[in-house]
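In case you want the letters, here they are:
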Amino acid sequence: MNDERCPLLAARSLVKEFGGKRVLNDVCFDLFPGEIVGLLGPNGAGKTTTLRLLVDLLRPDEGTLQFAGATADRSAMDRIGYLPEERGLYKRLTVARVISYFAALKGVSRPVAEARAEALLTELGLGGHLTTKCEALSKGMQQKVQLVGALIHDPEVVLLDEPFSGLDPVSTQQVREQIRQLRETGKAVLLSTHLMGEAETLCDRVLMISGGELVLEGAVQSLKERRADGRTWTVECDTDLTACPLVQSAERTRGGRVQVVVLNPDVVSADLLRWLADHRVEVQGVAKQIPSLEEVFLRAVAS
Amino acid sequence: MSRSLVIAKHEYLTSITRWEFILLTLGLPLLGLVVAATAALPALLMARTVPTHLTVGVVDETGLFDFPKEVAGKKLPGAAGRLAPPQTGYTLRRYATRETAVAGLRGKAVSAYLVIPKDYVTSGEVLTESALETGLFSDQSLPPLRGTLVRGLLKDRAEQAIVDRVLDPVNIRRVTTGPGKPKRRGPLADMGRFLVPYGFTVLMMMSIFGASGYLLRGISDEKEGRIIEIVLSSVTAQDLFLGKLLGLSAVGLTQVFVWLAMGIVPAAAMLPFVDLPAAAIFFAPLFFLLGFLLYGTLIAGIGALGGSWRESQQLSGGVSMLVILPVMFFPVLLEAPNGGLAVALSLFPFSAPIVMMIRLSAAPVPWRQVLLSVALLSGCVWVAIRLSVRLFRTAMLMYGKRPSVREALRWLRAG
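As given, the protein sequences belong to chains A and B, one line each in that order. If you count by the numbering used here, then the first sequence holds residues 1 to 303, one letter each, in order. If you count by the numbering used here, then the second sequence holds residues 1001 to 1415, one letter each, in order.
Watch out, some of these pointers could steer you wrong.
What the hints assert, rightly or not - Residues from chain B that face chain A, not an exhaustive set, calculated with beta carbons under 7 Å: (1) SER1002; (2) LEU1005; (3) VAL1006; (4) HIS1010; (5) GLY1225; (6) GLU1229; (7) LEU1232; (8) SER1234; (9) ARG1368; (10) LEU1371.
Hint data in this document are derived by calculation from the structure and do not stem from the laboratory. Beta carbons: idealized from backbone N, C-alpha and C, even for Gly.
Looking at chain A on its own, in the form it has when it is part of the complex (with noise of 0.2 Å):
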């Protein structure tokens, strides 16, 4: 929140409420230009809320949404792609016609979109499919189509709910591609996801909800560091060190590595190395032990 540049989409103490409950509450967050933002949360937390609001599918009963620091109206949603969690497709009709309707409903012509269709599509596997019927396409090759109907109109954010849901590896290689190529472009993504794994590896940031607030919020790595406890360590090493004096507890775990849990934080790796060469322990490495994303995320939600 704290950064210099212009954000692309700033959402702005956002609220909302159904029959009374409120299911988002002061919810705050910018998206930059070529950063993709991880929105994790587990069920029923308001990910799929905060989406539809910031699409404009549903009002805020509180707060605001900027877009390229003007207020954000209708004519930004041009500027948006959205792929729901709730997706479908034309089943009837063709590839060709079902995204040249979408790239119409944001105002691109025909021509174009059906020039931008082919390249995206061949990006993601399915060149040659413009004339099939979408009921002829598997679910994944459905999916990869209505990925394609999110970009057809080159937007500068876009906003991805579950983007791998269903996808075999392949395609889910060819998705991850397509999101990275975005960032490359200079697009802000927001990125809704269950796959802790490849929020990790995909996103520069991440924002955490939990029961429709915004609980934890950062750069992953940062994020991690953080979090993590000080104490927790990792030897690489054959030797029992329950006998160390400076550990509280030593649990051998696969990969030939020790993790000990050291009695106080202020130990650091010098001090465990010493002990580790005075008592001629052979040692491949030492490493204060960071959580991963998916340890983070349960924390938080815990807490």
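Given chain A, work out where chain B should sit, using these hints.
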């Protein structure tokens, strides 16, 4: 192109390429032709089986009647003559007694005989006997009988003019009064009073039911197919709703145009005989469009509340009943087209399109009432669109769940 027009074009092209649309649009007039042909079949068969000439015996025991010797059969002119059977021609042979007439029948000198008994004047009874292959006949199937009896009974008792009036007592020639010159009406003129509103109602009902079916199918497909969220992230609910309505109105009008084009030949054949009310013809497109928009809007708005196509159809069934309701008042409205009930129903927006067409076809209607009806109907369409958009906007994002009445009312109030 505005977003509503993009949606309208999409809806139009998607609907007219549905096989249901093609089947209904082209199949219905063909079905009408089949029904008409089936109805004409008995007449065609009769034309082939009815004898063209018969010899009939006559026994007049009263001595009052003077039967002609020959009665020529007649044939109706034009197309009707090709369909209707020709009247049978007769040779009448007099017999002095019943016995000789019976002998004539047995000897096949005559196909039938009839006896005017002595007490005919008091009893009115006439006895007939015919061969089986001749079939039965009555005074209708034996045209000279009635005329001969009447003339015989009134002979020397009344002038020829009185006799003619007894045989043909009523010859109505209608003249209507109202704005403009008094107008003479031909014998088939009244058909226009009935045909125009009836045709209008049938066309309107058919196109509303047809097009609203596609509308509901389209809404359910987008809702069940989870496409709606993508569409609504690009356009406003109002744009989407208006686009759908516009597209489906074009579908309805296309259907009507095809039906009218297919019915143009039979309609043109009737034109010389039917007195078509100009005001009704002039206002028909306007009332059709407004009626279509009103019912289409309500069907789309209410139908969007359904969790599935079937549910949407059930919910919008009430609107369909509104379309049919004025049909029940047809006879009353035709009898008193400027009566209190007719005026009230022609101003009430939900019955106005059909009832005003009935009134305009049946009698001159004051311009103020026509304009007031158009204004009220237009206002109602506007309100219906506003309210339907509110329902539509929220209901379209509810998947597989039907909102309660309380929820729907809350959305309507929320705006």
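Evaluation of the provided hints:
About 10 Å separates the beta-carbon of B:SER1002 from the nearest beta-carbon of chain A, more than 7 Å, and the hint is not met. The interface hint given for B:LEU1005 is broken, as the beta carbon of that residue sits about 9 Å from the closest beta carbon of chain A, more than 7 Å. The beta carbon of B:VAL1006 is positioned within 7 Å of a beta carbon in chain A (closest approach about 5 Å), and the interface hint is therefore held. Among the interface hints, the one on B:HIS1010 holds; its C-beta lies about 5 Å from the nearest C-beta in chain A, closer than the 7 Å criterion.
For the restraint placing B:GLY1225 at the interface with chain A, the shortest Cβ-Cβ distance is roughly 4 Å, inside the 7 Å limit, so the hint holds. Below 7 Å, beta-carbon pairs count as interface contacts, and B:GLU1229 has one with chain A at about 4 Å; its hint therefore holds. Against a cut-off of 7 Å between C-beta atoms, the interface hint on B:LEU1232 holds, since the closest Cβ of chain A lies about 6 Å away. Of the supplied interface hints, the one on B:SER1234 holds, with its beta-carbon coming within about 4 Å of a beta-carbon of chain A, less than 7 Å.
A least Cβ separation of about 42 Å between B:ARG1368 and chain A goes past the 7 Å threshold, and the interface hint is therefore violated. The criterion of a C-beta within 7 Å of any C-beta in chain A is not met by B:LEU1371, whose closest approach is roughly 37 Å, and the hint is violated.
In the structure shown, a violation is registered for the earlier hints numbered 1, 2, 9 and 10, in ascending order.
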